[in-house]
Amino acid sequence: MKKMSKNLMCLCLVCLVTLVFLSFVTLAFAQDPTGAQTLKENPQAPLNYVWILVCAFLVMFMQAGFAMLEAGFCRAKNVTNLMAKNLMDLCIGSLTFFLLGYAIMMGGDWHGLWGTKGWFMLGEYYDVGKYLNMFWMLVFCATAATIVAGAVAERMKFSAYFIYSIVVSVIIYPLYGHWVWGGGWLSSLPFGMGALDFAGSGVVHAIGGFVGLAGAMVLGPRYGKYINGKPQAIPGHSIAMAALGVFILWFGWFGFNPGSTCDAYHLRISVIAVNTNLAAAAAAFSALLIAYWKTGKWDVGMALNGAVAGLVAITASCAWVEGWAAIVIGLIAGVLMYASVRFFDNRGIDDPVGAISVHGTCGLWGLLSVGLFADGTYGNYAIEKPFATGLFYGGGYEQLIAQLISIAVVFVWAFGAGYIIFKLMDKIFGIRISPEEELQGLDIPEHGTPAYPDFVQLDR
Amino acid sequence: MKKMSKNLMCLCLVCLVTLVFLSFVTLAFAQDPTGAQTLKENPQAPLNYVWILVCAFLVMFMQAGFAMLEAGFCRAKNVTNLMAKNLMDLCIGSLTFFLLGYAIMMGGDWHGLWGTKGWFMLGEYYDVGKYLNMFWMLVFCATAATIVAGAVAERMKFSAYFIYSIVVSVIIYPLYGHWVWGGGWLSSLPFGMGALDFAGSGVVHAIGGFVGLAGAMVLGPRYGKYINGKPQAIPGHSIAMAALGVFILWFGWFGFNPGSTCDAYHLRISVIAVNTNLAAAAAAFSALLIAYWKTGKWDVGMALNGAVAGLVAITASCAWVEGWAAIVIGLIAGVLMYASVRFFDNRGIDDPVGAISVHGTCGLWGLLSVGLFADGTYGNYAIEKPFATGLFYGGGYEQLIAQLISIAVVFVWAFGAGYIIFKLMDKIFGIRISPEEELQGLDIPEHGTPAYPDFVQLDR
Amino acid sequence: MKKMSKNLMCLCLVCLVTLVFLSFVTLAFAQDPTGAQTLKENPQAPLNYVWILVCAFLVMFMQAGFAMLEAGFCRAKNVTNLMAKNLMDLCIGSLTFFLLGYAIMMGGDWHGLWGTKGWFMLGEYYDVGKYLNMFWMLVFCATAATIVAGAVAERMKFSAYFIYSIVVSVIIYPLYGHWVWGGGWLSSLPFGMGALDFAGSGVVHAIGGFVGLAGAMVLGPRYGKYINGKPQAIPGHSIAMAALGVFILWFGWFGFNPGSTCDAYHLRISVIAVNTNLAAAAAAFSALLIAYWKTGKWDVGMALNGAVAGLVAITASCAWVEGWAAIVIGLIAGVLMYASVRFFDNRGIDDPVGAISVHGTCGLWGLLSVGLFADGTYGNYAIEKPFATGLFYGGGYEQLIAQLISIAVVFVWAFGAGYIIFKLMDKIFGIRISPEEELQGLDIPEHGTPAYPDFVQLDR
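Residue numbers (the numbering used here), protein chains in the order written: chain A, 3 to 462; chain B, 3 to 462; chain C, 3 to 462.
Just chain A, same shape as in the assembly:
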């Protein structure tokens, strides 16, 4: 077994080295590696570059947020493993999306299906604008990848996660991303403005959430999660860590959403920031209240996940709605998240951190909300085409239909592709850790390092 994963790693390394060597073959196409040409042609470029980069940095920082949130909601004996997974999906995503994923996602368009140019970012792709766009798409890719870590936590082999990371960064995220953002078929549906997803409720979060659902289903629940078929609460090892994670995510989301204008001259960025904040607040609030209603306790875990659920939900629509709508979208997201957690919990699907509900379910709600609340104003000054108007603003069912199609596609694609890859890996070499290792925690058998060697711990 160990030999096998050694070999797998060896293979990976060889592939990567090959790719890097291939990339030596630099071709001299039109390119602007210093930006002098771009600067001449577009005097707005500097501010836009600053805006996009700073926002991208914030999005990248969300990796810290996810790491803290996921680890906080898991047990101490698996924390080293969670850190390893969160670090590695970022690393693998960064490398493979640069080399391959970006070409598939944004390298032109072949029949609405995928891109075909820009492999290894060579030739004309050695250009400041291309690098900028690649970086922006990359930080979103890394976000999608890391969401899954939570859903499969505490029981999955590290080597399997390694391979999963490659697949999600090279295929699953870039393909759906191409369909919606890269000029693919979903963006040119004959309904409304085509499927809309401003900053990635679908492209990033629903993708991550439903690949996570596939992973959780293939893996099965953790030992001790169900006793006589009844789900047991397995509290996380640090609420403070989880809360820190949520604050970091909330902060990073201000890059995620407002940055997705990719244009600082769209002053709508202020409205987007406000909407993002309102939805998070409203969802944390409603999740806290509904949990209090049901249990009589102020359940902080639910409130924390609620905040993230609100952020996920507003992501698709943040640029197209008014503040009051952001509040409504958030309030609903908090309740929806709560119900969805209960739903999956009762159906034997063990999601240690609630990632499926937070990112999957609320990601779909976010896509839907565009078709309901879009106020028909944003973008009018930039392009001639009339902008999306939702059902509640007199836009009829046009946009809603486009959104529903997109919802169906993202679910089928993410869950389907995820299920296939996890099942395939499971058949070939088994993706679940042995029961002894699971009981002991993954930290020592997989990584040789306990997360907290100085503290006396309870056995659970």
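Think of the hints as simulated: they come from the structure by calculation, not from any bench. What you were told as hints is all true, and nothing was included just to trick you.
Treat identical chains as interchangeable: a pair holds within one or across any two.
With a Cα cut of at most 25 Å, we get these calculated SDA-like pairs of lysine to any residue:
| hint | residue 1 | residue 2 |
| --- | --- | --- |
| 1 | 42 | 265 |
| 2 | 299 | 440 |
| 3 | 296 | 432 |
| 4 | 227 | 458 |
| 5 | 299 | 462 |
Fit chains B and C to the supplied structure of chain A, relying on the hints for placement.
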């Protein structure tokens, strides 16, 4: 009791829903929801929007800093509760300030007392500039609200904190904010330039600090804090967490202070950043040294609080002073904070994290320092009016008098209003947790979730 | 002993106060404290100020990253001490670099050796541009200073660290910094473009790393690190904290490297951001793989240090290389770091967090890599002079020679000056804590505060 707080929550929810529904009544005033008009009229808008938004994001991130600092200085058995409070004051503040507080603070001016326009951000308030300004004022509001959590930590009911959060976000912060920043009476005092407070030593920090004082007084000290009338040290559960909090706050303060130009074309922002940094460093340094002098130990807790004290103190004056003055302001702030902590400690006022001294006392010192050190240069190029000059720069006592009036007002208002609301709540339903719950820690009785279920803990 | 350090502190305070008073003697040279003049002369200033400041804030935030990384890799009994050191080097660096260090580094040039103007930032130095540049150089200074804390962790007296912080901020960093960035002799070597170091692989990281080496050698290994001459692993107390630290550092590095253009109109910033990210990812990846090869475990500690090693290595060359080269530089950095850690470990040099290898060794590799991979494009549009071209791009050995000279100089200077200061302090008052205090941990004897008083800890 529990029933009562359930009902209270129910009421809150109903109110909120009503407000949201009210906000459907959108009126068509002059507004610019996409920013096209604003962009045409003001070519400097895009950079200013980017500057203000990025700084606002940093300020919002200070929520994480406060959460970590406060939790680090408290005991492990109350950490879940602190996370809940820190999350919820952000959420409640975000919602209520958007719906009501902003109108009171910045919605025009009625006899210098309060604003009257822009309820629910509707009508002409659906405008990129208004949203931007609202967002900026909101992140400050959330800061003021969260400061109090530290002073009332480890013994206050969550439901009472819930209500307090609404009051501070809708009334206490917006009113004084209006008087100083919204064109209210303090800003038009007939002395000097009127009361000045560049980034909120008074508006944000003194408000938070003295509401906290009121809360701490109404609540009384924690069980075990005083033995035979002598104050006992109750060390915090994680110095690392507290230090992380301070680093985050220091980082976020670079949004707080330089961002308060609200104009990136004021290149004075570089001086402001330097002053902010110098004051923090100087105050941490002097707090460390004075504690060493007194105790023979390098007291990190004091140094950490010292850094924040320096940041608080420089906040009012950062734009108007030279670097050397920032150092002096900081050095004094560190000593003042130390003395203030001892003062309150010896008078039976139990402030678990030192929030009253750090934010209240040093907030007042910050207001005062403007009248002493303002160098009379900043702003000359923007407006014709001569700018504030402090006593040490030959400005006489004019500005100092304005600052002293502002100091008296902020103390009376924050402490008075805070005292009334806490006392009122205490009379009606009691804001202090039962002694049994306090001994056990608030996490399990209030929230049902221990913060650190995996670790063996000492009983204290 | 205690008396002595009290006196030392007293002396420090007196010096500082004197300096501050001296600084009252403000002279009226050409200066622009509000920026009105600068704004008139340079319409690009506002965006550049925003860019540089935001990046500087990110670099400053790296202080939190170092604190978390270093503390995470050390034992719980020394965490308070590490927080104190990390806070204090920032504070002391902020004060002394403002007052003295900046003048030495950037205050003109005297025979290529050091600067002589701008003491205490007075006279013509009270200028928005000077304050901006000072701030930028300061956050780098604080980074260099804090790196050493890791190498000397768990056994050094706090008072000695105090003095070390002054020396590194006033002499060691500013002098080498002047030679490379301030117009000093290394920048005008007659080879290639002179010694190049884009964002400080040498100026910041190699300086910190080799001063750390000197400190670790003078101090000797921790008690229990070597048993019968064989190095023992002493695992850190929190992998989650270390991982958080690395994520924060990665985030902050996006200020460190792209910000070092000091010009937002260089659109090359997008390429720099991508290169920074790629090198970090590649190095974490290669460090993880080589550790797995050697030990059969997915060693997260190595992967975390690998990420930082990649960031350090790309820092010198990030603006001058293509993406594929960044990957190669990173892959090599990860392996180099691993080998270097083993090397020092086996030679009796105890570096608790691997700082010497990560910052020292990989800092040198970064300097070297410029001479190999520089692609000869960046800067062409800004100045007439042809830009650096490395060996692999047909630039011959010219640049490589300049880099090798710089490497020799940084090693000799940092290690030499560091050794002298640590040895001197050791002779005068002894820099190592007593064996009893070391066994107990530094937190209680030095600071009087345990880091985690609520948790039952193992004795190690």
